[in-house]
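**Student:** Heads up: the sequence lines are chains A and B, in that order. Take the first sequence: its position 51, counting from 1, is numbered 51 in this note's numbering, and each next residue is one higher. Heads up, this note's numbering is the position in the second sequence plus 1000, with the first residue counted as 1.
Hints are computed from structural coordinates only; laboratory data are not their basis. Glycine is no exception: its CB is placed at the ideal position from the N, C-alpha and C atoms. Be aware that one or more of the hints could be misleading.
[Said to hold, decoys possible] In silico lysine-lysine, DSS-like type, Cα no more than 30 Å apart, as pairs: (1) B/Lys1094 to A/Lys143; (2) A/Lys184 to B/Lys1025; (3) A/Lys143 to B/Lys1022; (4) A/Lys184 to B/Lys1022; (5) A/Lys98 to A/Lys143; (6) A/Lys184 to A/Lys143; (7) A/Lys17 to A/Lys98; (8) A/Lys98 to B/Lys1094; (9) A/Lys143 to B/Lys1025; (10) A/Lys17 to B/Lys1025; (11) B/Lys1022 to B/Lys1094; (12) A/Lys17 to B/Lys1022; (13) B/Lys1094 to B/Lys1025.
[What the hints assert, rightly or not] If you only want the chain B side, here are some residues facing chain A, beta carbon under 10 Å, derived: (14) Gly1007; (15) Trp1020; (16) Thr1095; (17) Arg1203; (18) Ile1257.
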Amino acid sequence: MEAPIVAAAGLRKRYDKHEVVCGVDFTVRPRECFGLLGPNGAGKTTTIRMLTGFAPIDAGTLSVFGLPVGPADVRAIKSRIGVAPQEENLDPDLTVAKNLLIYASYFGIRGGDARARVAELLAFAALADRAADRIPTLSGGMKRRLVLARALVNRPRLLVLDEPTTGLDPQARHLVWERLRELKRSGVAMLLTTHYMEEAAQLCDRLVVMNHGRIIAEGTPRDLIERYVGREVVEIATGDDPGERARVAARCRALGGRVEEVGDHVLLYLDGAADARAVLAALASETLTHRRATLEDVFLTLTGRELRE
Amino acid sequence: MTPGFLGGTLCVWRRDMESWRKYWKASLVGALGEPILALVAIGYGLGRFVDIDPGGAGVGYAQFLAPGILASAAMNAASFEATFGSFTRMTEQKTYDAILATPIGIREIVAGDALWAATKATLSGTAVLLVAVAAGLVRSPAACLLPAVALVVGLVFATMGLVVASRAQAYDFFTYYFTLVIAVMYFFSGIFFPLASLPGWARAVAWCLPLTHAVALSRACAAGTVGGAALLHLGVLVFVLGTSYALAVRLVGRRLIV
Chain A
1 MEAPIVAAAG LRKRYDKHEV VCGVDFTVRP RECFGLLGPN GAGKTTTIRM
51 LTGFAPIDAG TLSVFGLPVG PADVRAIKSR IGVAPQEENL DPDLTVAKNL
101 LIYASYFGIR GGDARARVAE LLAFAALADR AADRIPTLSG GMKRRLVLAR
151 ALVNRPRLLV LDEPTTGLDP QARHLVWERL RELKRSGVAM LLTTHYMEEA
201 AQLCDRLVVM NHGRIIAEGT PRDLIERYVG REVVEIATGD DPGERARVAA
251 RCRALGGRVE EVGDHVLLYL DGAADARAVL AALASETLTH RRATLEDVFL
301 TLTGRELRE
Chain B
1001 MTPGFLGGTL CVWRRDMESW RKYWKASLVG ALGEPILALV AIGYGLGRFV
1051 DIDPGGAGVG YAQFLAPGIL ASAAMNAASF EATFGSFTRM TEQKTYDAIL
1101 ATPIGIREIV AGDALWAATK ATLSGTAVLL VAVAAGLVRS PAACLLPAVA
1151 LVVGLVFATM GLVVASRAQA YDFFTYYFTL VIAVMYFFSG IFFPLASLPG
1201 WARAVAWCLP LTHAVALSRA CAAGTVGGAA LLHLGVLVFV LGTSYALAVR
1251 LVGRRLIV
């Protein structure tokens, strides 16, 4: 098997008395898109900050391209990765093209090489017609695409994406996904954090779910769905009456499968064994929706429904 | 090829320069207006009532004042850029974070930002020099060294400003620095009156201020008396520069790498 691009073992990070990453193990393989999922405060961003040299590691080992992350090799590592941070940090006083040209210079790419690379990236990010515009005139989606293009300026073998589509409208989000899939096909490995389950399902080959600084589940999106929630879900609307909800929940429990009561509806998770048709027939008198189980169901099952922060 | 220390420093400098280019006119008016006003209003206005040269060696007050104003113009230009400017890049714009994701490290970021602030200081100092030469206040050929003096003074105050910026929580913090440190230096570093007129203890304190050495060095170049004393002043400035650069690298690192 090929050497992993990223290997983390027993990774820990503490801020004051609060341990935010408590012993995390994972690997990112060549050409794969690996997802770090979890609610706010789960430790995803801190894990990424350790990997990109922004946060010293307290304990455990972390290597990128086989080099240990630390002062000795940090430049060698950074010259081969691309980082698209969560917060947009483009240079507001420079034009779109200048943002990329200046960033290229940080990697020692200059002159004709730099100009050629910038032209390629502007086309890739669908920003060629905005090359001479300044950053404040761009939309949120354009800024995101430019941040992504900037992360690619050094032709990285690993792309680190921290919530790449947070705050984007659906059109802008789909365009970013399309570009990321294109990059994946070209052989770039990706490490992605997100709390959009649809994003993880669309992009990730494998993923881990983090909660309170620990990895609580690992696998392919399909594996995780089958393992934790089964294939299908029946949602039954019950209105605001708790008595009605309890009645429906009891009825569902009698049918087998896991039952969850949430707000004004009841969820019945059907694993492969349950006969969906029989269950649906038994519940025919209720107002129900029958759908495929999703990563979102896995996520909520594993990390709970209470609000974070 | 990944840039080394010098290459990386120049990359950061260039980023700052390119960002400024759009605003250079407004920026120059601000940087030049004040020192030139001080030279005219105080040098010629107040100077008529001041007998700075009781011995009669022919040094007018404006002539006495000009090298000090040059040094203070360099100090102000560098201090503003390295506090307000660098703080914006360090916090609001997150420019430092963006650069740190590349092979460029904290040392180059601090050096590049300081070099840029010192570049603005050099522009300010040179402009004051041109005005002083045009007004006949500076005649020695050694005055050709004054832009280089402005560069050194700029580097000193830029690295000091970066130390302050690395500890600041908000822009308001700089008010303290400018009123308690920069303004005090402006008035007590021998720009407006010879330090010899101060009592001994005050003179001793004044010689602890970096601007005092900057003014003395600038005056030596303007008067063409560049000798051992001037080298000593330069040595003090280089020492302050080295110390505050090392401190700035450490503190900026501690702020960003957590």
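**Student:** Compare the structure with each hint and give your call.
**Tutor:** Tested hints:
| no. | hint | in the structure |
| --- | --- | --- |
| 1 | B/Lys1094 to A/Lys143 | holds, 15 Å |
| 2 | A/Lys184 to B/Lys1025 | violated, 46 Å |
| 3 | A/Lys143 to B/Lys1022 | holds, 21 Å |
| 4 | A/Lys184 to B/Lys1022 | violated, 39 Å |
| 5 | A/Lys98 to A/Lys143 | holds, 14 Å |
| 6 | A/Lys184 to A/Lys143 | holds, 21 Å |
| 7 | A/Lys17 to A/Lys98 | violated, 43 Å |
| 8 | A/Lys98 to B/Lys1094 | holds, 17 Å |
| 9 | A/Lys143 to B/Lys1025 | holds, 28 Å |
| 10 | A/Lys17 to B/Lys1025 | violated, 50 Å |
| 11 | B/Lys1022 to B/Lys1094 | holds, 20 Å |
| 12 | A/Lys17 to B/Lys1022 | violated, 47 Å |
| 13 | B/Lys1094 to B/Lys1025 | holds, 25 Å |
| 14 | Gly1007 | holds, 7 Å |
| 15 | Trp1020 | holds, 8 Å |
| 16 | Thr1095 | holds, 6 Å |
| 17 | Arg1203 | violated, 45 Å |
| 18 | Ile1257 | holds, 6 Å |
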